[in-house]
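Residues per chain, in single letters:
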Amino acid sequence: MDVITNDLQTLEAGVMAEIASASDEASLEAVRVGALGKKGTISEKLKTLGGMSAEERQVQGPAINGLKNRVTEALAARKSELRQVAVTARLAAEKLDVTLPVRQSPAERGRIHPISQVIDEIAAIFGDLGFTIAEGPDIETDHYNFTALNFPEGHPAREMHDTFFFQPDEKGERKLLRTHTSPVQIRTMETQQPPIRIVIPGKTYRQDSDATHSPMFHQVEGLVVDKSANIANLKWVLEEFCKAFFEVPSVTMRFRPSFFPFTEPSMEVDIQCDRSRPGEVRFGEGSDWMEILGCGMVHPNVLRAGGLDPDEYQGFAWGMGIDRIAMLKYGMPDLRAFFDADVRWLQHYGFRPLDMPTLFGGLST
Amino acid sequence: MKLTLSWLKDHLETDATLDQIVQRLTAIGLEVEAVDDKAGLRPFTIAKVLTAEKHPDADKLQVLSVDIGSGSPVQVVCGAPNARAGLIGAFAAPGTYVPGIDTTLSVGNIRGVESRGMMCSERELELSDEHNGIIELPEDAPVGQSYAAWAQLDDPVIEINLTPNHPDATGVYGIARDLAASGLGTLKQPAAPTFQASGECPVDVSLDFGDTPSLCPGFALRLVRDVRNGSSPKWMQQRLMAIGLRPINALVDITNYMTFDQGRPLHVFDAAKVQGDLTVRRARDGETVLALDGREYTLNPEICVIADDNGVESIAGVMGGEHSGCDESTTDVLIESALWEPLNIARTGRSLGIITDARYRFERGVDPEGMVPGLERATELVLELCGGQPTESRVVGYNGYTPKVVTFATTEVKRLTGLDVPGEQSLEIFQRLGFGIEGAGYIVDVSVPSWRPDVDGKADLVEEVMRMVGIDQIASAPLASHDAVNGRILTTLQIRTRNARRALAVRGMMEAVTYSFIPESQAKAFGGGSPSLKLANPIAADMSDMRPSLLPGLIAAAQRNADRGIGDVALFEVSGTYEGNVPDKQRRVAAGLRRGTATLEGSGRHWSGAAKPVGVFDAKADAFAVLEACGAPVYKLQVEAGGPSWYHPGRSGTIKLGPKVVLGTFGEFHPDTLDLLDANGPLAGFEVFVDAIPEPKQKATRTKPKLELSSFQAVKRDFAFVVERDVEAGSISKAALGADKKLIAGVSVFDIFEGAALGEGKKSVAIEVAIQPLDKTLTEEDFEALAAKIVENVGKQTGGVLRG
Numbered sequence: 001m002d003v004i005t006n007d008l009q010t011l012e013a014g015v016m017a018e019i020a021s022a023s024d025e026a027s028l029e030a031v032r033v034g035a036l037g038k039k040g041t042i043s044e045k046l047k048t049l050g051g052m053s054a055e056e057r058q059v060q061g062p063a064i065n066g067l068k069n070r071v072t073e074a075l076a077a078r079k080s081e082l083r084q085v086a087v088t089a090r091l092a093a094e095k096l097d098v099t100l101p102v103r104q105s106p107a108e109r110g111r112i113h114p115i116s117q118v119i120d121e122i123a124a125i126f127g128d129l130g131f132t133i134a135e136g137p138d139i140e141t142d143h144y145n146f147t148a149l150n151f152p153e154g155h156p157a158r159e160m161h162d163t164f165f166f167q168p169d170e171k172g173e174r175k176l177l178r179t180h181t182s183p184v185q186i187r188t189m190e191t192q193q194p195p196i197r198i199v200i201p202g203k204t205y206r207q208d209s210d211a212t213h214s215p216m217f218h219q220v221e222g223l224v225v226d227k228s229a230n231i232a233n234l235k236w237v238l239e240e241f242c243k244a245f246f247e248v249p250s251v252t253m254r255f256r257p258s259f260f261p262f263t264e265p266s267m268e269v270d271i272q273c274d275r276s277r278p279g280e281v282r283f284g285e286g287s288d289w290m291e292i293l294g295c296g297m298v299h300p301n302v303l304r305a306g307g308l309d310p311d312e313y314q315g316f317a318w319g320m321g322i323d324r325i326a327m328l329k330y331g332m333p334d335l336r337a338f339f340d341a342d343v344r345w346l347q348h349y350g351f352r353p354l355d356m357p358t359l360f361g362g363l364s365t
Numbered sequence: 001m002k003l004t005l006s007w008l009k010d011h012l013e014t015d016a017t018l019d020q021i022v023q024r025l026t027a028i029g030l031e032v033e034a035v036d037d038k039a040g041l042r043p044f045t046i047a048k049v050l051t052a053e054k055h056p057d058a059d060k061l062q063v064l065s066v067d068i069g070s071g072s073p074v075q076v077v078c079g080a081p082n083a084r085a086g087l088i089g090a091f092a093a094p095g096t097y098v099p100g101i102d103t104t105l106s107v108g109n110i111r112g113v114e115s116r117g118m119m120c121s122e123r124e125l126e127l128s129d130e131h132n133g134i135i136e137l138p139e140d141a142p143v144g145q146s147y148a149a150w151a152q153l154d155d156p157v158i159e160i161n162l163t164p165n166h167p168d169a170t171g172v173y174g175i176a177r178d179l180a181a182s183g184l185g186t187l188k189q190p191a192a193p194t195f196q197a198s199g200e201c202p203v204d205v206s207l208d209f210g211d212t213p214s215l216c217p218g219f220a221l222r223l224v225r226d227v228r229n230g231s232s233p234k235w236m237q238q239r240l241m242a243i244g245l246r247p248i249n250a251l252v253d254i255t256n257y258m259t260f261d262q263g264r265p266l267h268v269f270d271a272a273k274v275q276g277d278l279t280v281r282r283a284r285d286g287e288t289v290l291a292l293d294g295r296e297y298t299l300n301p302e303i304c305v306i307a308d309d310n311g312v313e314s315i316a317g318v319m320g321g322e323h324s325g326c327d328e329s330t331t332d333v334l335i336e337s338a339l340w341e342p343l344n345i346a347r348t349g350r351s352l353g354i355i356t357d358a359r360y361r362f363e364r365g366v367d368p369e370g371m372v373p374g375l376e377r378a379t380e381l382v383l384e385l386c387g388g389q390p391t392e393s394r395v396v397g398y399n400g401y402t403p404k405v406v407t408f409a410t411t412e413v414k415r416l417t418g419l420d421v422p423g424e425q426s427l428e429i430f431q432r433l434g435f436g437i438e439g440a441g442y443i444v445d446v447s448v449p450s451w452r453p454d455v456d457g458k459a460d461l462v463e464e465v466m467r468m469v470g471i472d473q474i475a476s477a478p479l480a481s482h483d484a485v486n487g488r489i490l491t492t493l494q495i496r497t498r499n500a501r502r503a504l505a506v507r508g509m510m511e512a513v514t515y516s517f518i519p520e521s522q523a524k525a526f527g528g529g530s531p532s533l534k535l536a537n538p539i540a541a542d543m544s545d546m547r548p549s550l551l552p553g554l555i556a557a558a559q560r561n562a563d564r565g566i567g568d569v570a571l572f573e574v575s576g577t578y579e580g581n582v583p584d585k586q587r588r589v590a591a592g593l594r595r596g597t598a599t600l601e602g603s604g605r606h607w608s609g610a611a612k613p614v615g616v617f618d619a620k621a622d623a624f625a626v627l628e629a630c631g632a633p634v635y636k637l638q639v640e641a642g643g644p645s646w647y648h649p650g651r652s653g654t655i656k657l658g659p660k661v662v663l664g665t666f667g668e669f670h671p672d673t674l675d676l677l678d679a680n681g682p683l684a685g686f687e688v689f690v691d692a693i694p695e696p697k698q699k700a701t702r703t704k705p706k707l708e709l710s711s712f713q714a715v716k717r718d719f720a721f722v723v724e725r726d727v728e729a730g731s732i733s734k735a736a737l738g739a740d741k742k743l744i745a746g747v748s749v750f751d752i753f754e755g756a757a758l759g760e761g762k763k764s765v766a767i768e769v770a771i772q773p774l775d776k777t778l779t780e781e782d783f784e785a786l787a788a789k790i791v792e793n794v795g796k797q798t799g800g801v802l803r804g
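Read top to bottom, the protein sequences are chains A and B. Number 12 in UniProt numbering belongs to position 12 of the first sequence; there are no gaps in the numbering. Number 103 in UniProt numbering belongs to position 103 of the second sequence; there are no gaps in the numbering.
If you are wondering where the hints come from, they were derived from the structure by calculation, not from laboratory data. Take these hints with a grain of salt, some might be off.
Unchecked claim - One side only, chain A facing chain B, incomplete, derived with CB under 7 Å:
#	residue
1	P106
2	R158
3	F164
4	A337
What the hints assert, rightly or not - Reference excerpt, derived from the structure (chain A facing chain B, CB under 10 Å, subset only):
#	residue
5	Q9
6	E108
7	A244
8	F246
Note that this is a predicted model, so its numbers are computed, not measured. Positions of the beta carbon are idealized from the N, C-alpha and C atoms, including for glycine.
The task is simple: from the sequences and hints, build the whole structure.
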């Protein structure tokens with residue numbers, strides 16, 4: 001082995017040792033410059049090739065270039081190793097406590113009041129049956145609230161005892177807060193020719209305040225007027241509604257003759273249920289009866305008041321408390337809490353804003 | 001209306017069980033509200049005390065040996081003073097529930113002596129309030145048998161919730177008639193009275209209503225002399241007690257019995273206490289009467305009375321007077337059977353606050369044709385129970401009954417109910433109910449009986465057939481389908497109302513429903529309080545005025561929550577407000593309120609940074625969220641500084657569409673407003689007038705406009721302008737936008753700075769201008785020209801200079 005070869009081996013061992021001991025990318029770069037930079041030890045060796053004889057160069061050329069290539073590879077390998085170490089260290093340093101809580105989305109915090117939700121449920125069901133939603137004013141006249149609905153003069157409901165009145169105006173007319181949603185029946189008949197299929201949700205008011213009564217409450221009322229609508233159809237509509245609304249496969253309903261001024265014949269409807277579990281009512285099972293709504297054939301005088309001939313047109317109507325069916329369905333015990341805006345109650349009994357009742361997606365799933 | 005089963009069977013021949021009767025009553029419209037079958041009394045048996053010895057360890061107790069009919073006597077410890085050997089009474093064995101003490105008995109040990117049951121008092125069985133001793137029965141009472149059955153206390157009591165259209169069912173007889181008509185038995189016809197009357201009734205009656213409408217369509221009176229008014233017989237007392245009436249004396253009990261038996265209220269006067277003749281008239285203003293309930297009532301001319309020379313003796317049809325009432329000393333009795341104007345009775349009862357069995361019937365309408373027969377039947381009962389000599393009756397004012405006649409096609413039943421009832425069956429039902437039929441074929445004249453004032457048209461007759469045949473016979477039939485996919489059913493306003501709710505809830509707010517009426521002071525503070533919107537009869541003084549705004553209700557609601565310790569609340573309501581008392585003055589408003597730190601992101605402290613107190617910009621963001629959800633043309637809206645007086649003048653705004661249409665207001669609140677509402681903050685709220693947002697334009701297609709995307713890179717440039725402090729940021733953005741409406745895609749404000757370095761009354765507003773080249777890449781010269789134009793525009797329009 002000649003001196004030059006020996007020299008190259010020593011050089012290689014030295015550079016390789018420096019590479020192995022470089023502890024970061026900066027010191028590794030210094031090793032690279034020291035070996036392969038312009039004046040680096042290996043670069044200097046390469047420069048000597050020019051002064052060699054062809055025979056000498058044939059031997060030394062591959063030897064020096066081989067050295068350069070091995071060092072280059074070793075540098076790259078070490079660099080990759082050092083980067084791996086650095087990344088691992090950075091990642092360790094960047095660690096966060098991911099168990100820390102994040103803020104709840106506003107869409108999860110917000111709530112829709114049960115009354116609004118139930119009105120949407122009702123609209124979904126009756127929309128499917130071809131009904132539209134009608135509305136009317138809260139402040140009504142005696143005519144729309146009573147006279148046109150066949151309440152006789154002197155009927156107890158017309159007294160201050162039951163109805164909220166305003167002071168008489170200069171013409172002596174005394175406005176009132178509607179005691180039911182039925183005035184909208186007349187307003188609709190006045191402006192729309194049959195066939196009529198409407199449901200009327202809205203606020204109603206009565207002079208009543210105790211655990212089960214509120215001076216303001218919500219009713220929904222339905223009206224069908226055409227040339228053939230009869231009690232058989234009425235029964236079907238109510239049965240279908242109750243099944244859909246309470247989301248049970250079947251309901252048993254009991255229709256009892258009753259009395260309302262604006263329908264004849266009139267009926268009250270009980271629904272069979274199981275009340276044996278405290279705070280919960282199950283429909284479609286059990287042996288209790290619960291009164292749920294009033295209904296009947298529109299009284300001929302009401303049709304006349306709406307400008308329709310009762311021998312040509314006929315129809316049926318029904319009405320029930322929105323608050324009440326909401327309480328029954330969702331197990332809310334106290335009516336007064338509906339109007340208190342206690343956020344704990346709203347949070348518990350209210351509905352998430354994106355839970356929109358539809359028939360295709362289920363009313364309340 | 002209450003009755004007992006045995007009472008019903010006095011009038012109805014039937015084999016039906018209690019259950020069948022109860023179900024049928026409900027099915028024909030006489031809704032059974034409660035049935036007390038007295039099963040609770042069944043376990044009590046008749047027992048005899050064989051021996052009674054002093055308790056070894058207690059002075060007031062005795063140890064009884066009781067024969068309960070089982071052969072071996074049982075030992076009972078008893079504290080009743082009347083307990084003694086030989087007494088026959090009512091016994092309760094261990095395991096029996098005793099209603100009067102709400103206890104189920106067990107084998108007891110009383111001061112060392114075992115007790116295997118109990119001898120009961122009437123109060124313990126809830127038969128009366130008697131508790132001075134245990135029940136004592138006659139010697140022939142059969143030991144070992146059921147006490148209730150032997151004493152006929154097991155007569156089931158039925159309570160009917162009567163609708164106002166059924167005056168005919170305010171008496172047991174009328175109920176029996178309805179049941180018989182429905183096929184549940186045969187109505188028993190009462191025998192006609194047979195007594196002999198003699199002489200004229202010495203007391204005359206005049207109806208004196210002057211020139212006002214008569215309130216008395218008929219009055220019948222008779223004197224019965226020489227009666228003995230003791231207790232009524234046991235059967236009558238038991239029936240009256242069973243339906244909750246206290247027996248008083250025979251004459252009074254007879255009137256009560258007739259009230260419930262025939263639905264025919266009567267009144268009895270002690271003739272000795274009546275001075276002169278009777279006058280039926282309107283009360284005089286301020287006239288008083290001491291009524292049978294022991295209370296004095298002050299009357300007025302709206303009230304009808306029966307008076308004699310002493311003054312008012314009775315409030316007609318409602319309650320008799322104390323003065324001329326009958327007691328044990330009564331020997332001559334005047335029996336009154338009269339008719340009264342139903343509306344007047346209802347009003348009188350309400351205005352005086354009197355609820356009686358007489359009022360209940362007269363306000364529904366008592367059968368006019370029952371007036372005289374009722375007097376006859378009552379006279380007969382008086383003679384039967386009290387003896388005496390009846391005079392002839394005196395009848396004034398009664399014009400007889402002319403039946404209403406309804407022309408009725410029997411096909412009407414099918415038309416209205418869908419149920420195919422043969423015509424003959426309908427007519428048979430009418431006849432069983434007492435209606436008259438004239439004519440043949442399917443169109444007949446139906447005359448209405450005197451006891452059915454509610455029936456006056458075809459639909460009423462259909463109801464009679466329906467309830468007798470049974471509504472359960474009507475099979476449900478689907479409503480005809482539209483045979484098409486349903487279209488949109490909601491109006492624009494309804495859709496917007498719904499969207500507003502969901503949009504606000506998605507922003508973390510909770511929907512409240514507050515009362516439509518608020519205190520007058522609050523209504524006035526929010527621009528309302530007009531006399532036309534003031535309730536004449538509010539339920540409470542602080543619920544007097546229709547609300548002009550949803551904000552007072554929400555502020556009060558937020559405060560209630562704060563008072564419960566929950567200060568960070570975000571509430572909204574979408575509902576009506578009232579600007580006037582006609583339909584188009586009822587507005588549809590979406591309003592919201594944030595309190596404390598209830599911001600969009602969340603509230604309260606959090607490791608990532610505490611939420612800031614709410615302010616005007618939270619309210620503004622909510623208002624715009626509603627407007628966007630409702631489809632308002634948000635890009636066209638202007639925000640003007642300042643809102644209505646209830647807001648903070650420097651921290652509120654008004655949202656307008658054009659110069660006139662106000663779509664909303666928002667802001668923090670004026671301290672005076674919060675003082676008035678007794679509320680504290682931080683609070684910020686808004687109102688959006690959903691009904692003022694214009695209808696969207698009708699479009700022929702749903703195609704969206706073509707999307708134009710520039711292929712050149714968008715560029716952003718920042719500018720900071722120093723302006724006077726009161727220059728609105730909005731005007732700087734607007735000026736910048738105006739520099740080149742094609743190239744500038746948007747301007748946003750990213751910093752506001754005020755500091756001494758800028759000079760007194762100055763602020764710096766930093767904006768970022770988004771530039772979107774459309775047809776070529778912009779050169780540096782192009783940018784410089786655009787920047788210069790922006791600076792020039794802002795300078796011209798706001799006085800702002802580029803910050804150095």
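We went through each hint and held it up to the structure:
With its C-beta approaching chain B no nearer than about 3 Å, A/P106 sits inside the 7 Å limit, and its interface hint holds. At about 11 Å, the closest approach between the beta carbon of A/R158 and any beta carbon in chain B exceeds 7 Å, and the interface hint on this residue is violated. The beta carbon of A/F164 is positioned within 7 Å of a beta carbon in chain B (closest approach about 5 Å), and the interface hint is therefore held. For A/A337, the shortest C-beta to C-beta distance to chain B is roughly 11 Å, which exceeds 7 Å, and the interface hint is violated.
This hint is violated: A/Q9 has a C-beta 58 Å from the nearest C-beta of chain B, more than the 10 Å allowed. Residue-level restraint check for A/E108 holds (minimum Cβ-Cβ distance to chain B is 8 Å; threshold 10 Å). For A/A244, the interface hint is violated, the least distance from its beta-carbon to any beta-carbon of chain B being 14 Å, above 10 Å. Violation of the interface hint for A/F246 is found here, the shortest Cβ-Cβ separation to chain B being roughly 17 Å, above the 10 Å cut-off.
Against the hints set out earlier in the document, violations occur for numbers 2, 4, 5, 7 and 8.
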